[in-house]
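Those protein sequence lines, which keep their order, are chains B and U. Just so you know, we're using my numbering here: the first sequence kicks off at 409 and counts up by one. Just so you know, we're using my numbering here: the second sequence kicks off at 547 and counts up by one.
Think of the hints as simulated: they come from the structure by calculation, not from any bench. Note that the coordinates shown come from a computational prediction; the quantities given were computed from them, not determined experimentally. Where is the CB? At the ideal position from N, CA and C, for every residue including glycine. It is possible that part of the hints are untrue.
Said to hold, decoys possible - SDA-like cross-link-like pairs, simulated, lysine to any residue; straight-line CA separation at most 20 Å:
(1) K753/U - A562/U
(2) K633/U - R674/U
(3) K675/U - R421/B
(4) K427/B - K633/U
To be verified - Short derived list, chain B residues pointing at chain U, Cβ under 8 Å:
(5) M409
(6) A411
(7) V420
(8) E422
(9) R425
(10) R532
(11) Q621
(12) S622
(13) E624
(14) I628
(15) P630
(16) V631
(17) G634
(18) E793
(19) A796
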Amino acid sequence: MSAWNVVFLKEVRENLRDKRAMVSTFVYGTLLGPVLFAGLIGMMISVMLERSEKPLELPVIGSENAPNLVAFLRSQGVEVQKAPNDPEETIKRRDADVILRIPAAYGEQWRAGKAATLELIVDRSQQKAEQSIRRTERYIQAYAGQTTAQRLIVRGISPEVIQPILVADVDQSTPQSRSGILLAMLPYLLILTVFAGGSYLAVDATAGERERQSLEPLLINPVSRGEIMFGKLVATYAFAAASLALSLFAFSIVTPMLPVEKIGMIINFGLKQCLLLFVAIVPLGLIGAGLLTSVSAFSKSFREAQTYVTLLIMMPAIPSMIMALNPLKPADWMYAAPLISHQLLIEQTVRGEPAVFWQFAASVGVTLLIGAIVAFVASKLYHREQLAISA
Amino acid sequence: MIELNDLRKTFGAVKAVDGVSFVARDGEITGLLGPNGAGKTTTLRMLYTLMKPETGSIKVDGVDITRNPDAVRRNLGVLPDARGLYKRLSARENIEYFGRLHGLDEATLKMRCDALIQALNIGDIEQRKTEGFSNGQRVKTAIARALIHDPRNVLLDEPTNGLDVMATRALRQFMLNLRGEGRCVLFSSHIMQEVAALCDRIVVIAKGRVVAQGTADELRAQTGESNLEDAFVKVIGSEEGLSL
Chain B
409 MSAWNVVFLK EVRENLRDKR AMVSTFVYGT LLGPVLFAGL IGMMISVMLE
459 RSEKPLELPV IGSENAPNLV AFLRSQGVEV QKAPNDPEET IKRRDADVIL
509 RIPAAYGEQW RAGKAATLEL IVDRSQQKAE QSIRRTERYI QAYAGQTTAQ
559 RLIVRGISPE VIQPILVADV DQSTPQSRSG ILLAMLPYLL ILTVFAGGSY
609 LAVDATAGER ERQSLEPLLI NPVSRGEIMF GKLVATYAFA AASLALSLFA
659 FSIVTPMLPV EKIGMIINFG LKQCLLLFVA IVPLGLIGAG LLTSVSAFSK
709 SFREAQTYVT LLIMMPAIPS MIMALNPLKP ADWMYAAPLI SHQLLIEQTV
759 RGEPAVFWQF AASVGVTLLI GAIVAFVASK LYHREQLAIS A
Chain U
547 MIELNDLRKT FGAVKAVDGV SFVARDGEIT GLLGPNGAGK TTTLRMLYTL
597 MKPETGSIKV DGVDITRNPD AVRRNLGVLP DARGLYKRLS ARENIEYFGR
647 LHGLDEATLK MRCDALIQAL NIGDIEQRKT EGFSNGQRVK TAIARALIHD
697 PRNVLLDEPT NGLDVMATRA LRQFMLNLRG EGRCVLFSSH IMQEVAALCD
747 RIVVIAKGRV VAQGTADELR AQTGESNLED AFVKVIGSEE GLSL
């Protein structure tokens with residue numbers, strides 16, 4: 409058995425016996441993502457459903473001034489309510505989203521054929537109220553439009569005269585592609601898993617060994633430091649990969665339970681998608697393991713290593729966050745850029761788009777190449793004289 | 547046999563080792579005596595290839611350590627100053643790990659493990675996880691781990707540090723047994739009595755230099771002191787950092 413294999417097996421065996429390593433790798437790193445994801449998505453869906461399905465509650469002041477308008481609103485399913493005595497205060501207190509006031513002059517203006525004035529009492533700074541306000545405006549516009557058409561017809565003019573342009577929306581999105589908006593955070597959660605999954609082991613295997621004074625005796629063995637480093641790197645990578653596999657499995661169980669189809673979306677997270685995602689993401693673990701091992705070899709103490717590692721794990725979030733705020737149009741070069749290519753491949757896969765071979769090959773190839781370079785740097789750091797000497 | 551010739555090593559402005567030369571022979575116990583901070587650990591670290599000397603050469607059984615460090619390591623058994631064990635592995639698993647890194651086959655590994663566990667009298671703890679071991683149990687396990695490949699040369703850096711009387715006595719007897727097997731034993735200590743009682747040859751180090759070396763009789767003759775401990779103090783120039 410080669411020496412790196414001996415090191416690898418020892419690291420795996422030792423960490424499997426370590427409760428903290430197991431919890432950190434397979435609970436925090438792995439299951440927290442799917443649980444968080446399901447919780448947030450579930451909440452978003454229920455909020456969206458509630459808003460769109462619930463009848464609009466609209467307190468109206470002076471409903472006797474415009475019985476036809478009120479009847480129209482009722483026919484559209486609006487729940488017309490009696491208005492409170494202090495409408496402005498009610499809005500300020502956020503007890504209602506919107507209140508409609510029909511002034512006494514409304515009927516007179518209407519009959520005279522003048523523009524009749526309605527007042528909407530709102531607070532535009534209230535995001536929560538925005539949807540109710542927009543719905544109210546839409547109903548009133550619809551009533552106005554209907555009235556306009558009737559008045560034109562009465563005068564023998566086609567309503568099309570005042571509608572020179574009609575815009576028809578030809579939406580190319582599919583239920584799958586619309587899910588992408590909801591799934592913006594999925595890539596980050598998965599990429600995080602493959603970094604975080606090996607982090608405990610990486611810190612423990614180098615900085616931890618030095619702190620516990622066992623690295624010096626280990627390095628006296630007739631084995632090259634590069635080979636010792638490689639065994640530890642492979643162990644870190646193995647934990648990261650196992651963590652990713654478990655996480656994907658958890659996602660594939662959790663995702664079908666989400667009622668996404670109720671809001672017209674479809675998320676694909678079956679066995680095929682799991683395998684594709686694993687193939688796409690797992691090479692990133694090599695970069696992760698190399699960086700973690702480097703940081704662990706470079707830092708002077710266990711605590712210092714932990715601090716760096718915490719920062720390091722945040723790093724892959726940067727492209728995800730930028731792309732969530734400012735979605736990029738996929739270009740060919742992006743599939744050769746780690747993290748960006750992973751973001752794209754994850755999104756495409758869960759949207760159910762067919763896998764394109766060259767895109768996967770470019771991403772996997774470039775990522776493994778960079779991973780090899782990072783691993784080489786880690787082995788250089790392992791050759792430093794200070795490595796074994798614990799303060 | 548271990549030959550050191552004019553070793554030097556500086557850390558910044560500090561000359562940790564400043565021209566150390568001596569020879570440790572097979573079938574003898576050579577003691578490296580010096581106060582704390584004299585450069586004993588740095589000298590040994592260069593000898594077991596963890597650090598590179600700035601100048602000077604080291605030969606182990608005639609092989610230059612810079613030319614073939616792996617061959618040298620195969621002929622050295624080292625109990626370094628850092629003697630951490632893997633606490634989630636049992637004593638035997640700790641020992642086996644190093645044996646496998648030496649490339650021992652499973653049959654040899656088992657034989658050597660059994661022999662060392664018996665010689666060091668740790669049969670009662672071999673299956674226990676090393677977490678919570680006493681100092682003595684820890685040092686014995688670390689020694690077994692260091693000698694798993696049956697090396698001709700044995701280096702022990704302050705082996706009795708932190709041990710109780712019983713464990714110290716057992717360890718001294720073990721070192722005498724190693725000498726009896728014809729091995730070259732080199733150990734460092736700041737305890738004068740221990741060096742006086744065990745060593746065939748003594749190398750006294752202070753401030754990174756060898757200030758005296760020879761057998762106990764030669765040291766007494768050199769200094770004109772009839773008491774070996776007085777001789778040590780005389781050549782070092784101070785009692786500071788030494789223990790009786």
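Cross-check of the supplied hints:
1. Among the hinted pairs, K753/U with A562/U is consistent with the structure: their alpha-carbon atoms are about 7 Å apart, no more than 20 Å.
2. For the hint pairing K633/U with R674/U, the CA-to-CA distance comes to about 10 Å; that is within 20 Å, so the pair holds.
3. Between K675/U and R421/B the CA atoms are separated by roughly 13 Å; this keeps the pair inside 20 Å, and the hint holds.
4. Restraint check for K427/B and K633/U: the C-alpha separation of about 13 Å stays at or below 20 Å, so the hint holds.
5. Hint status for M409/B: holds, given a least beta-carbon distance of 7 Å to chain U, under 8 Å.
6. Among the interface hints, the one on A411/B holds; its C-beta lies about 6 Å from the nearest C-beta in chain U, closer than the 8 Å criterion.
7. Among the interface hints, the one on V420/B is violated; its C-beta lies about 12 Å from the nearest C-beta in chain U, farther than the 8 Å criterion.
8. Interface hint at E422/B: satisfied, since its Cβ lies 5 Å from the closest Cβ of chain U, which is below the 8 Å cut-off.
9. A hinted interface residue such as R425/B counts as satisfied when its beta carbon comes closer than 8 Å to some beta carbon of chain U; here the least separation is about 4 Å, so the hint holds.
10. With 8 Å as the threshold, the beta carbon of R532/B stays out of range of chain U, its nearest partner Cβ sitting at about 61 Å, so the hint is violated.
11. With its C-beta approaching chain U no nearer than about 3 Å, Q621/B sits inside the 8 Å limit, and its interface hint holds.
12. Satisfaction of the interface hint for S622/B is found here, the shortest Cβ-Cβ separation to chain U being roughly 3 Å, below the 8 Å cut-off.
13. For E624/B, the shortest C-beta to C-beta distance to chain U is roughly 4 Å, which falls under 8 Å, so the interface hint holds.
14. With a cut of 8 Å, the hint placing I628/B at the interface with chain U holds, because the nearest CB-to-CB distance is about 5 Å.
15. At about 4 Å, the closest approach between the beta carbon of P630/B and any beta carbon in chain U falls short of 8 Å, and the interface hint on this residue holds.
16. At its closest, the beta carbon of V631/B sits 5 Å from a beta carbon of chain U; the interface hint therefore holds under the 8 Å criterion.
17. Because the beta carbon of G634/B sits about 12 Å from the nearest beta carbon in chain U, more than 8 Å, this interface hint is broken.
18. For E793/B, the shortest C-beta to C-beta distance to chain U is roughly 6 Å, which falls under 8 Å, so the interface hint holds.
19. Taken as an interface hint, A796/B checks out: its beta carbon lies about 6 Å from the nearest beta carbon of chain U, inside 8 Å.
Of the hints listed earlier, those the structure fails to meet are numbers 7, 10 and 17, in rising order.
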